[in-house]
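A.B. asks: For reference, the chains in residue letters:
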Amino acid sequence: MIDVRRHNANFCSDHFMKLVRDQTQKAIDAFEMLHRDERVLVAVSGGKDSLALWDILLTLGYQADGFYVGLGIGGYSDRSGAHVRAFAADRGLTLHEVDLRDTHGFDVPTAAAVTKRAPCSSCGLSKRHLFDKAALDGGYDAVATGHNLDDEAAVLFGNTLRWQTEYLARQLPVLPARAGFPRKIKPLVRLGEREMAAFCVLRGIDYVVEECPMAAGNKHLGYKAALNEIEASSPGAKQAFYFGFLARAVERFADAAPAHAEAGETALCARCGVPTTSEICAFCRLLEKTSGAEPVNLTVKGRRVPT
Amino acid sequence: MKVNLRNPNRTLDLDGPISIVALLQKLDLNRESVLVIRAGTLVPGDALLAIDDEVEIRPVISGGSS
Numbered sequence: 001m002i003d004v005r006r007h008n009a010n011f012c013s014d015h016f017m018k019l020v021r022d023q024t025q026k027a028i029d030a031f032e033m034l035h036r037d038e039r040v041l042v043a044v045s046g047g048k049d050s051l052a053l054w055d056i057l058l059t060l061g062y063q064a065d066g067f068y069v070g071l072g073i074g075g076y077s078d079r080s081g082a083h084v085r086a087f088a089a090d091r092g093l094t095l096h097e098v099d100l101r102d103t104h105g106f107d108v109p110t111a112a113a114v115t116k117r118a119p120c121s122s123c124g125l126s127k128r129h130l131f132d133k134a135a136l137d138g139g140y141d142a143v144a145t146g147h148n149l150d151d152e153a154a155v156l157f158g159n160t161l162r163w164q165t166e167y168l169a170r171q172l173p174v175l176p177a178r179a180g181f182p183r184k185i186k187p188l189v190r191l192g193e194r195e196m197a198a199f200c201v202l203r204g205i206d207y208v209v210e211e212c213p214m215a216a217g218n219k220h221l222g223y224k225a226a227l228n229e230i231e232a233s234s235p236g237a238k239q240a241f242y243f244g245f246l247a248r249a250v251e252r253f254a255d256a257a258p259a260h261a262e263a264g265e266t267a268l269c270a271r272c273g274v275p276t277t278s279e280i281c282a283f284c285r286l287l288e289k290t291s292g293a294e295p296v297n298l299t300v301k302g303r304r305v306p307t
Numbered sequence: 001m002k003v004n005l006r007n008p009n010r011t012l013d014l015d016g017p018i019s020i021v022a023l024l025q026k027l028d029l030n031r032e033s034v035l036v037i038r039a040g041t042l043v044p045g046d047a048l049l050a051i052d053d054e055v056e057i058r059p060v061i062s063g064g065s066s
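Those protein sequence lines, which keep their order, are chains A and B.
For what it's worth, this note's numbering labels the leading residue of the first sequence as 1, then goes sequentially.
For what it's worth, this note's numbering labels the leading residue of the second sequence as 1, then goes sequentially.
Just so you know, nobody snuck in bad clues.
Residues from chain B that face chain A, not an exhaustive set, calculated with beta carbons under 8 Å: (1) N7; (2) R31; (3) E32; (4) S33; (5) L35; (6) T41; (7) L42; (8) P44; (9) V60; (10) S62; (11) G63.
Restraint-style ranges between C-beta atoms, simulated for each label pair: (12) S233(A) with N9(B): 29 to 35 Å; (13) E288(A) with D13(B): 52 to 58 Å; (14) N10(A) with N4(B): 23 to 29 Å.
The calculated lysine to aspartate or glutamate pairs, modelled on DMTMM-like cross-linking and capped at a C-alpha distance of 25 Å, are: (15) K26(B) with D3(A); (16) K2(B) with D206(A); (17) K26(A) with E251(A); (18) K289(A) with D132(A); (19) K18(A) with D46(B); (20) K219(A) with D28(B); (21) K133(A) with E97(A); (22) K2(B) with E211(A); (23) K2(B) with E210(A); (24) K2(B) with D52(B); (25) K26(B) with E211(A); (26) K18(A) with D90(A); (27) K18(A) with D37(A); (28) K26(B) with D52(B); (29) K116(A) with E288(A); (30) K2(B) with D3(A); (31) K2(B) with E54(B); (32) K26(B) with E210(A); (33) K26(B) with E229(A); (34) K26(A) with D141(A); (35) K2(B) with D53(B).
Calculated from the structure, these hints are not laboratory results.
This structure is a prediction, so every number in the text was calculated from the model and none was measured.
Built from N, CA and C at the ideal position, the CB exists for glycine as well.
Produce the complete structure using the sequences and hints provided.
C.D. replies: Laid out in structure tokens, this is it:
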């Protein structure tokens with residue numbers, strides 16, 4: 001049914017789904033991500049990885065609820081939200097939602113225009129802040145994201161190209177909880193992007209296939225394409241790159257990432273109360289910058305235009 | 001044979017029979033980056049597509065840099 005070249009094996013549907021679940025459990029156990037009696041909040045986007053992760057965690061017997069952030073990226077966000085809501089409703093699952101514009105008065109296209117930075121920057125910042133808050137407010141033990149092997153290998157590739165040692169030191173599949181922040185876990189790090197898409201097809205998970213119009217052409221996607229060229233001629237290269245880094249290199253960068261308290265994260269944000277290195281946290285600074293900004297809409301080609 | 005491609009959505013009419021590997025080579029697509037789907041399920045890499053088949057070639061790469 002599906003070939004997984006880095007395992008040099010072909011799998012039928014049932015054995016492939018077993019492989020995916022087993023690899024997820026193996027990552028959870030190896031990196032001590034989650035215990036059976038803990039509650040986990042799955043950050044769901046409507047894409048293949050996060051919906052598959054939610055499905056897998058439930059099948060493996062974990063207590064997993066979903067959390068979706070409406071990013072306001074035009075019809076793409078509308079369709080993504082619809083996939084998430086249908087997934088949860090069909091299975092009778094608990095889904096928490098926050099809409100950026102309704103709740104905080106801005107959306108990702110507007111934030112990108114106001115800050116003049118890549119959309120992924122304000123998108124990631126907003127999601128991290130809201131995931132953390134939702135997990136802490138809801139009493140969850142951890143936040144799980146659908147980052148897969150391809151995601152982690154691409155981030156590692158980018159960080160290595162520029163020797164961003166602080167980021168390298170913190171590129172781990174699990175980040176422990178600390179004051180004001182929940183534990184962050186990435187249970188899909190042993191599974192490739194193609195495997196997650198295949199899992200969704202075989203499992204009947206209806207996900208949003210279209211790419212985020214604001215991510216088109218970004219560096220991360222370029223790194224993935226480059227690594228896939230290498231993988232095509234050298235199956236297993238991505239896995240060896242990432243897991244070799246975890247086994248033999250990440251500790252060498254430990255000095256580049258001081259503990260958060262040593263890095264100056266000793267104050268609480270004067271607006272929202274999260275630990276921060278400055279008086280106002282990055283999310284609240286983004287709120288301040290976007291306050292009163294003219295909303296920005298997307299054209300069909302993903303270009304930004306004022307409404 | 002109809003081949004449905006995504007991002008953007010478009011359909012190609014191609015001659016068959018043709019193997020999956022040959023089809024992806026013809027379209028200059030990396031096997032690591034796509035799935036081939038026929039009638040709602042995956043098509044094995046060594047399968048031969050017939051002239052009257054209709055398949056979807058679905059990209060699997062996604063994600064921003066956050």
